[in-house]
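**Q** Sequence:
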Amino acid sequence: QLQASGGGLVQAGGSLRLSCAASGRIYSINGMTWYRQAPGKQREFLASSTVQVTNYADSVKGRFVISRDYGKNTVYLQMNSLKPEDTAVYYCNAEVKMGWGETYKDYWGQGTLVTVSS
Numbered sequence: 359q360l361q362a363s364g365g366g367l368v369q370a371g372g373s374l375r376l377s378c379a380a381s382g383r384i385y386s387i388n389g390m391t392w393y394r395q396a397p398g399k400q401r402e403f404l405a406s407s408t409v410q411v412t413n414y415a416d417s418v419k420g421r422f423v424i425s426r427d428y429g430k431n432t433v434y435l436q437m438n439s440l441k442p443e444d445t446a447v448y449y450c451n452a453e454v455k456m457g458w459g460e461t462y463k464d465y466w467g468q469g470t471l472v473t474v475s476s
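Just so we're aligned: the sequence shown equals residues 359 to 476 in our numbering.
Any given hint could turn out to be false.
As the list claims (entries may be wrong) - Label-pair ranges, simulated between beta-carbon atoms:
id, residue 1, residue 2, range
1, Gly457, Gln410, 21 to 27 Å
2, Arg401, Gln436, 27 to 33 Å
3, Val409, Thr473, 30 to 36 Å
4, Ser425, Lys455, 17 to 23 Å
For the record, the hints were derived by calculation from the structure and aren't laboratory data.
Nothing here was measured: the structure is a model prediction, and the numbers come from that model.
All residues carry an ideal CB built from backbone N, CA and C; glycine is no exception.
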């Protein structure tokens, strides 16, 4: 299970920090990723993190930072210099292996709403 939190209302230029914690029967987690979906638009990739590498969408590079606490099975998204066009529901995704010998499967959080006012 993934639980996302940290969304809310913020003025343009402000910052928010989103969290997404994985819980339950977890053997290991590979990649953890943040997406968002604005009204009337498709879900958009924002940032991903594995042990080896992090990747960012051009739209958020330099403003958003993804980080992980491996001990807590949690991924964060620090969002700075927020713009009204960042308004969306933000979702986290994790590739989770629930036991030795099992395959990684995708799990999604429930989404957290971020609203940026101008």
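**Q** Now tell me, hint by hint, if it's right for this structure.
**A** Tested hints:
1. Between Gly457 and Gln410 the beta carbons are some 23 Å apart, a value that agrees with the proposed interval 21 to 27 Å.
2. Restraint check, Arg401 to Gln436: a C-beta distance of roughly 21 Å breaks the suggested window 27 to 33 Å.
3. Take Val409 and Thr473: their Cβ atoms lie about 33 Å apart, and the range 30 to 36 Å holds.
4. Restraint check, Ser425 to Lys455: a C-beta distance of roughly 21 Å satisfies the suggested window 17 to 23 Å.
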